[in-house]
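*Asks:* Chains as they are written, first to last, in the numbering used here: chain A, 1 to 505; chain B, 506 to 665; chain C, 666 to 990.
Hint data in this document are derived by calculation from the structure and do not stem from the laboratory. For glycine and all other residues, C-beta sits at the position ideal for the given N, C-alpha and C. Treat the hints with care, as some may be off.
Said to hold, decoys possible - Selected chain A positions facing chain C (Cβ under 7 angstroms, derived; list incomplete):
#1 Ala44
#2 Pro48
#3 Arg182
#4 Glu197
#5 Ala199
#6 Pro337
#7 Leu344
#8 Ser422
#9 Leu468
Said to hold, decoys possible - Restraint ranges, calculated between C-beta atoms of paired labels, are given here:
#10 Ala945/C - Trp633/B: 52 to 62 angstroms
#11 Asn301/A - Ile986/C: 58 to 68 angstroms
#12 Ser635/B - Gln387/A: 27 to 37 angstroms
As a plain string of letters, each chain reads:
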Amino acid sequence: MLESFIPALMLAFSPEVILYVAIGVFMGVTLGAIPGLSGDMAIAILLPIVFFLEPAAALGLLTGIYKGGMFGGSISAISFGVPGTPGSAATAIDGYQAKLKGYPNKALMTALYSSVIGDSTSDLVLIFLALPLAIVALTFGPVEFFALYAFSLLLISALTKGKVAKGVAMAALGVLLAMIGRDPMGGTLRLTFGIPELAGGLALIPVLVGIFAVSELIIQLSKAWMARASRIMDDTRQKAESLLGDYDASRDKLTFKEFRSTMKATWIGTTMGTLIGALPGAGSSLAAFISYGLAQRFSRNRDEFGKGSLEGVAAAEAGNSATSGSTLIPLFAFGIPGSATAALFGAAFILMGMTPGPRLIYDHTEVIYALFLILIYANLINLILSQFLLPFYSKIAMIQSRILLPIVCVLAILGTFAAGNSVIDVWVLLFAGLLGVVLRMFNFPLAPLILGFIVAPGAERALRQSLLIGRGDWMHLLSSPIAIGLYTVAAIMILTFTLVLRDKK
Amino acid sequence: MLKPQFTTLLTRQDFYTGLGVISVGTVGLLDIAYGNWRPGPGLGPHAFPQLAYITLICAGVVIMIEAVFGKSDQFPENLRAVLSTGVALLAIGMGMFWAIGKLGFMVSVCITLVGAGFLLTRDPLRHWPSTIVVPVVATGVIWLLFVKLINVPLPRGILF
Amino acid sequence: MFHKIKTSKKVATTAVASMMALAPGITAASPLSNDPIRLVIPFGPGGGSDITARVLSATAPEFCGPRIDVVSMPGAAGLEAVNFVRNAEPNGHTLLVTDYGPIVTSGFVDDVDWSHDDWQPVMNFTEWLPTVYTRPDHPIQSIDDWVAAATAEPGSITFGHASPLGLVHLPLILFEMETGLENIHVPTSGGGETRSLIMGGHIDLGMTLPPSIASEVAAGELTALGIFSEERSPVLPDTPTFREAGYDVVLPAWLMIFATSDVPAEAVEHLQDCFMEALASPTAVAMSNRVNAGIEPLNAADSTVLYQNTVANIGGILREIGEID
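Working from the sequences, and respecting the hints, build out all of it.
*Replies:* Below, the structure written as structure tokens:
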């Protein structure tokens, strides 16, 4: 073991590899900040590069992109309310409110620190606990997954800002949007309204960017347009100036006390993100939403959530980033790619002539140890580089909206197209944007819709698989201790929180 | 205690919101009852949509009851202005995408950005650095990113 | 990094240039222009088809002339990729790389405006052999065990497969049609999920393609029961075929490059020649071995026969189970 550790050390810390990691982080942060583009997509584009590069350098580049992208999505989520990646949708809820309240820098720093903490912890878990956690992950079959998804729907109420009925309606709408297309179990078409292009269903990125980002952009654009049309420009300029006057950069610094106050949320996010990331197929956006919901439940300042709470930012961002290491666990332990990212890393391994799976670490000890080291120190590079980049990106966010908004719009359209090379995705994006505007206008909370959309396909598959395996017996859903445990925790949570809330009143 | 307030009910937004939510659910349930749904393995493809429709109806009823008791959000301000901006943006976005196939990538993106700058700025020519120079530079950066680096398979236009 | 890519590209172009100087005939007679060739795959990046296509895109430019890009278009369950190629200019620069799902099966069951005759195969990369597998501590360890268990108690064995009517589901349907056995079909989201359900003990059997389980089978972590093909798979030499076990069920899949039928014959011929030449080069062979792609190219004529057989076969199965009339 040790004899291969020294060469791995040399490999991981060779100047070339460090440079590639830094370049990767820079690209990831930048691309992740563009709505529609994510680290996954950048990795897919750069896959052929592993033909040309040394394995360690190629893995360093891909790791850097991935980690940078994880954090980069939260930059646009906080600055514009426009999540740059699916994982940062939950970050946008509180991050954007924080920016509107005049402390974007605090929110960004909280996001960066919680992201790095979550990510590093998750990497350590991957390195030291991969096998035990992978065995736990394997015990998750359809029955357990359905319990997990049912549990996560509990958190809708945390995302509704007090409008529970509207939130539930939105979650149902999200479920319906996810049902469009071919039924994954039977292959028949449903809810496609006779449009053959909808056969494949709606992709996550256009729906998410449309509902959250394009609708926000439309509303801001209409404000800019009205400001111009009603010739009250001098008025708005005054307002803009006063806003800038109000903005006191010296007050917008994250203090250590504030940082410490977010630690509980960060650790909730880190734990949930690491666990959910290890489950094949659950995904980073679900992890972010669950972390956000749980952190709200356990927070002392529950009422601050949804109004610019730094805890909310920390929980969502830690939950999102903590999937990054653990999502590779099933790949390393069994060769099973548990997420799109893991599949891309798997492909990179295959292109380098290494078969993902338990034999990987024995057959290619040096490269894998080097990868482990890179995974750890890439977080450090991410931390340092982002500290440098953030002031720049914040300045971009301060550009006048009449100039910035069209550019962000064009980027969102092109980014969504490039993510799937799909014209249909662009249509879905624009219509989702319009839907988002209507829903915002009628005061519907949007986060439950996204939660419903993310949870529905998995929940449906898990339920129907369970019933097939259990030969149609509903009791089969209670056949697993993990599932029973999840249902019990859910019931206890509902009971205690209704009682606690009643006490407060 | 809250008292039901029926007299002003028709002026409250959430009365109509609830009605809308209920009608979407009802139409969906009718579609499942009478539409062309084929059976499938394990509950069939209609089970989850059905559940969602029922949830919608229940949520809609609750929203309406809340509206009866006076808990309602305000009617949106400038709904029409925002919606027309939305539709306009939709049209511009699709127009740009269509133009990429006809005119080429650089030209259409640049025209879109300059056009948007002119639309949103009062006295655009006086602000020429921000309405002309910035869009052109942005187009260059976007072109580098999408065409050179990401290599998106866009249809080719007659110009760039 | 951009510099790095540029330099490696530069090296590649110089290499290409020197090659061309040696073989001036190829480019001089080429019916293709200098625009890049796009290999469009109807799946997401990172899968088997993507990896195989990338071997070609990395090696073929020096034989074919222009640069080759792999473009992944998973939208609309792959139909978007098919339509993109169909609507592209018929000059041989936009090609579809697919298995039979998005083209043969979709051509039957989906509402599409093309028929199977609108496509002409350019070349076939490889044959993929659907393989039934399970975990090593499962009571079923061979085809005979499976048949015995399914006969003793029909409908008791859970069988995981990816999307319905796909490459790793149709062979099961065909097998049940031939033998009259009944199993519980459990659709999954893909090979990864099937495998974790099997390894976690949630389902009994599953189907996949040999390269994805070869190393686990060799290490004894998974058992391959049998293969639906005429001959054994080179990467699973110890696994019998179903034909050897006495069940004449053969339904291999393939990964083929298609052009639309209105692409001129000389362009298709040129592409076939340079692709085959590229895949026979030592670099491509080494690369193919490294990624376990098992590339054994077939020329356009042989591929066409294979394609037409598959169309007839799949059509027969779908008619039998009542999916189409």
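*Asks:* Does each hint fit the structure? Answer for all of them.
*Replies:* Here is how each hint holds up against the structure:
With a least beta-carbon distance of about 4 angstroms to chain C, the hint placing Ala44/A at the interface is held under the 7 angstroms criterion. The criterion of a C-beta within 7 angstroms of any C-beta in chain C is met by Pro48/A, whose closest approach is roughly 6 angstroms, and the hint holds. Here the hint on Arg182/A is kept, as its CB sits about 6 angstroms from the closest CB of chain C, short of 7 angstroms. Proximity of Glu197/A to chain C holds as hinted, the smallest CB-CB distance being about 5 angstroms (cut-off 7 angstroms).
Hint on Ala199/A holds. Least Cβ distance to chain C is approximately 5 angstroms, under the 7 angstroms limit. For Pro337/A, the interface hint holds, the least distance from its beta-carbon to any beta-carbon of chain C being 5 angstroms, beneath 7 angstroms. A cut of 7 angstroms between beta carbons decides the hint on Leu344/A: the least distance to chain C is about 5 angstroms, and the hint holds. Given hint, Ser422/A at the interface with chain C, holds; its Cβ is 3 angstroms from that chain's nearest Cβ, closer than 7 angstroms.
Using the Cβ-Cβ criterion of 7 angstroms, the hint placing Leu468/A at the interface with chain C is satisfied: the shortest such distance is roughly 5 angstroms. Evaluation of the 52 to 62 angstroms hint for Ala945/C and Trp633/B yields a pass: the beta carbon distance comes to about 60 angstroms. At roughly 59 angstroms, the beta carbons of Asn301/A and Ile986/C sit within the given window of 58 to 68 angstroms. Taking 27 to 37 angstroms as the suggested C-beta distance range, the pair Ser635/B and Gln387/A conforms, at roughly 29 angstroms.
Consistency note: the structure conflicts with none of the earlier hints.
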